[in-house]
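Chemist: What follows is the residue order along each chain.
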Amino acid sequence: MTTTAGYAVPLEITVRRDGPVHFVSLSGAASIDVVESLQARLLALIDSSTPNMIIDVSKLTFITSIGIAALIAADARSQTLRGAARLVNPTGEVARILDLTHIDAMVEVYATLDDAVGSLPTASD
Amino acid sequence: MADSIPQDFDVDTADMIEMVVPNNLRAAKAPEDKILAALERSGYSADTIFAIKLALEEAMTNAVKHGNRNDPSKHITVLYTVNDRYACVVVRDEGTGFCPAAVPDPTQTENLERPFGRGIMLMTSYMTKVHFGENGNEVWMLKNKNESSP
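Sequence order for the protein chains is A and B. With the working numbering, the residue at position 36 of the first sequence is 36, and numbering never jumps. With the working numbering, the residue at position 2 of the second sequence is 2, and numbering never jumps.
Just chain A, with the same shape it has in the complex (with noise of 0.2 Å):
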């Protein structure tokens, strides 16, 4: 394929940590062939030092409902160990699929960066 368009664009993860949060940076296409690795790699990153973590998802290009589920499951994890997931800033057809799908049910969703960190549960909590 010798396109560029969004769809086809290979999946890149950035990953900091400040404190008990993991940072996380999804950019490109979460496609059939690396959406296992994909969930593999968010529930590595939550422990109990380390419990919460911040999906950017302005540059994820395109998702199916088995990297919603991959979401989902980090949330979960994160859950057991008193901490949350979030995701910041969907747009375009993944806004869209995230919204047929109600994941904003499941895992909250926010516009902005400082919106979801001041969301996160305390360790009073």
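Hints are not guaranteed to be accurate.
[What the hints assert, rightly or not] Partial list, computed: chain B residues near chain A (C-beta under 8 Å):
no. : residue
1   : Ala-28
2   : Ala-46
3   : Phe-50
4   : Lys-53
5   : Arg-118
6   : Leu-122
7   : Thr-124
Rather than coming from a laboratory, the hints here were simulated on the basis of the structure. The structure displayed is predicted, hence computed values, not measured ones. Quick reminder that beta carbons are idealized off the backbone N, C-alpha and C, glycines included.
On the provided structure of chain A, position chain B as indicated by the hints.
Modeler: Positioned in the frame of chain A, the structure of chain B alone reads:
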């Protein structure tokens, strides 16, 4: 060739290309790459190709995980035809089938936490037509070339 053409699918299956791949998600990328390349050569818009890619991946994921139950000894079969009017894709697994009507609506509150049904819902939302074969282990999907996204 696939079991039978759905009655309301006005497609010519004579030139359908068939591919059989191992039952895993990575192997499923191969038929997808060929189909997307055919769509691009035929001048389909990025939006339409996105829709077909989404439905195709949902169908193949269902075939691998639910139809074939992640059994590495099984295979999935993908057939497709692309022309100036439509793209038609068929995905078949080697499982015992299921009843699509029995899949609960994934957007209902009581079903939101259940991991079933989102794939079928997205397939029907993004394709022009979706038809499950009688046994439930084969799905036909049609997308008109000039149809806009949902």
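Chemist: Going back to the hint list, which numbers does this structure go against?
Modeler: Structure breaks hint 7 only.
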